[in-house]
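Using the sequences and the accompanying hints, generate a full structural model.
In order, the protein sequences belong to chains A and B.
Every letter in the first sequence is one number past the one before it in my numbering, and letter 25, counting from 1, is 25.
Every letter in the second sequence is one number past the one before it in my numbering, and letter 35, counting from 1, is 35.
Quick caveat, the hints were computed from the structure, so don't treat them as lab data.
Since the structure is predicted, the reported quantities are computational estimates derived from the model, not experimental observations.
Quick reminder that beta carbons are idealized off the backbone N, C-alpha and C, glycines included.
Keep in mind that the hints are not guaranteed to be accurate.
Unchecked claim - Residues from chain A shown here face chain B by an in silico Cβ test under 10 Å; the list is partial: (1) Val-146; (2) Gly-147; (3) Ile-169; (4) Ser-256; (5) Val-259; (6) Phe-306; (7) Ala-340.
The residues making up each chain are set out below.
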Amino acid sequence: MLVLVVITALAFDFTNGFHDTGNAMATSIATGALGPRVAVGISGLLNFVGAFLSLAVAATIASGLVDTSEVTLTVVAAGLAGGIIWNLVTWLFGIPSSSSHALIGGVIGSTMAAAGGSAVLWHGLVSKVVIPAVLSPVIAALVAAVGTWSLYRISRSMTAGARSHGFRIGQIGSACMVSLAHGTNDAQKTMGVITLALIANGTLAKGSNAPFWVILCCALAISIGTYVGGWRVIRTLGKGLVEIESPQGMAAESASAAVILLSSSFGYSLSTTHVATGSIIGTGLGKKGAEVRWNVAGRMATAWIFTLPSAAIVGAAAYGLAHGVGGTIGVIIDLIVLAALSGLIYWRSRGSKVDHKNVNVEWPDGAPEKVPAETAAA
Amino acid sequence: MSWINLNALWKIVVFGLIAGAGLPALFAGGLYSLSLGPKRVRAAGADGGADSDVLVGGSVIGMVLAALALLIILAAIGWGIYEIYQIGHPPVKK
Numbered sequence: 001m002l003v004l005v006v007i008t009a010l011a012f013d014f015t016n017g018f019h020d021t022g023n024a025m026a027t028s029i030a031t032g033a034l035g036p037r038v039a040v041g042i043s044g045l046l047n048f049v050g051a052f053l054s055l056a057v058a059a060t061i062a063s064g065l066v067d068t069s070e071v072t073l074t075v076v077a078a079g080l081a082g083g084i085i086w087n088l089v090t091w092l093f094g095i096p097s098s099s100s101h102a103l104i105g106g107v108i109g110s111t112m113a114a115a116g117g118s119a120v121l122w123h124g125l126v127s128k129v130v131i132p133a134v135l136s137p138v139i140a141a142l143v144a145a146v147g148t149w150s151l152y153r154i155s156r157s158m159t160a161g162a163r164s165h166g167f168r169i170g171q172i173g174s175a176c177m178v179s180l181a182h183g184t185n186d187a188q189k190t191m192g193v194i195t196l197a198l199i200a201n202g203t204l205a206k207g208s209n210a211p212f213w214v215i216l217c218c219a220l221a222i223s224i225g226t227y228v229g230g231w232r233v234i235r236t237l238g239k240g241l242v243e244i245e246s247p248q249g250m251a252a253e254s255a256s257a258a259v260i261l262l263s264s265s266f267g268y269s270l271s272t273t274h275v276a277t278g279s280i281i282g283t284g285l286g287k288k289g290a291e292v293r294w295n296v297a298g299r300m301a302t303a304w305i306f307t308l309p310s311a312a313i314v315g316a317a318a319y320g321l322a323h324g325v326g327g328t329i330g331v332i333i334d335l336i337v338l339a340a341l342s343g344l345i346y347w348r349s350r351g352s353k354v355d356h357k358n359v360n361v362e363w364p365d366g367a368p369e370k371v372p373a374e375t376a377a378a
Numbered sequence: 001m002s003w004i005n006l007n008a009l010w011k012i013v014v015f016g017l018i019a020g021a022g023l024p025a026l027f028a029g030g031l032y033s034l035s036l037g038p039k040r041v042r043a044a045g046a047d048g049g050a051d052s053d054v055l056v057g058g059s060v061i062g063m064v065l066a067a068l069a070l071l072i073i074l075a076a077i078g079w080g081i082y083e084i085y086q087i088g089h090p091p092v093k094k
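See below:
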């Protein structure tokens with residue numbers, strides 16, 4: 001059963017990397033600063049390195065959110081299933097959601113279904129997940145706004161061509177930092193869950209850090225996911241999004257990388273999606289004449305609020321199913337349902353294939369947009 | 001038991017501003033000094049300036065300043081990553 005849980009967790013990690021390549025690399029691919037293959041390669045590699053940087057977030061997930069003495073393997077498996085299902089469903093419908101919150105919500109939901117609300121460490125949940133989720137986009141927006149303003153101020157006497165050329169180079173650097181930050185924050189969430197499973201199984205003592213093989217597996221899963229690349233998301237972000245100039249891109253990416261890295265080292269489990277969005281809004285605020293589409297931002301914020309409780313409900317339902325059937329068989333049935341749903345969603349998304357060959361083809365004018373461009377960052 | 005860790009919050013804001021906005025600003029300064037010099041004037045004269053993407057202006061002081069800015073940025077990133085590694089690997093609690 002432990003093996004099943006670990007495999008499920010790594011599958012979650014893989015999709016996590018897969019979805020989020022675009023957050024870091026889309027603008028660099030779109031401006032031609034990096035070739036598509038090269039970009040996802042670098043991003044994958046840096047995600048791998050980033051995963052080794054810090055263990056603070058993994059510790060939060062493993063021991064800061066739920067009472068580990070109440071957690072069983074079935075609970076972890078059901079929580080993961082909840083997270084993955086909510087993640088894939090929202091992805092299919094283009095609803096922006098945070099993979100981190102889906103995962104945390106799933107685990108909390110299944111814990112509550114198994115052991116009641118008292119097994120959830122509400123203080124840890126609010127202070128390490130909910131409050132950072134509210135504050136981080138605001139801080140990122142502030143940093144990006146200051147950055148954007150000063151970049152334009154300093155470079156205002158340069159020719160427009162030289163400026164965009166120069167900042168395209170800078171963007172490569174800042175995009176690399178976002179990839180690194182992503183590995184540091186997101187790979188750790190899966191490490192945390194696997195550690196939770198190992199504690200539940202009695203393999204590890206309560207309060208342990210993630211062992212080395214767990215770090216290695218998570219790093220590999222997220223970097224392979226990144227390398228395979230969410231071309232669909234990259235294309236939407238890089239081409240469908242209103243064109244961001246390269247100084248704005250660099251300011252947004254630097255702000256995201258700084259906020260994610262700093263917060264990770266304090267053990268806050270942020271959503272890279274939330275931070276990246278905050279930064280993009282910030283670059284809009286920092287540049288004269290640029291407008292921020294607050295209605296889009298408002299829609300996204302609504303979706304963020306729903307992610308935690310919804311994933312919790314799916315996680316609780318998954319626990320109910322697994323517990324109702326009982327034992328390993330119950331978990332296997334959960335996973336079969338999960339695999340069937342994933343297959344269905346993959347099949348639904350095959351309709352229009354996007355890969356490294358056509359990722360940069362011009363966005364056709366007047367084509368029906370499947371999702372509002374900015375919301376595809378989930 | 002406080003709900004918001006103010007100590008962490010101000011650090012994230014201040015260091016976030018220094019690293020997330022200050023370093024790109026330094027990069028912009030580097031680009032600007034790099035662009036100073038005779039070639040920039042010539043490039044600007046040739047095609048009206050706006051479309052020129054000539055990066056290196058040719059001024060020696062400008063190039064030195066640009067290299068200095070780049071070095072500071074790389075050093076800051078390296079130091080930051082080292083600090084995060086130190087914080088992120090606490091001794092295992094027994």
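Structure-based check of all given hints:
The closest approach between the C-beta of Val-146/A and any C-beta of chain B is roughly 4 Å, which is under the 10 Å cut-off, so the hint is satisfied. Look at Gly-147/A: its Cβ gets to within about 4 Å of chain B, closer than 10 Å, so that hint holds up. With 10 Å as the threshold, the beta carbon of Ile-169/A comes within range of chain B, its nearest partner Cβ sitting at about 8 Å, so the hint holds. Annotation: interface hint on Ser-256/A holds; nearest CB of chain B at approximately 8 Å, less than 10 Å.
For Val-259/A, the interface hint holds, since its Cβ comes within 10 Å of a Cβ in chain B; the closest pair sits about 5 Å apart. Against a cut-off of 10 Å between C-beta atoms, the interface hint on Phe-306/A is violated, since the closest Cβ of chain B lies about 22 Å away. The beta carbon of Ala-340/A is not positioned within 10 Å of any beta carbon in chain B (closest approach about 38 Å), and the interface hint is therefore violated.
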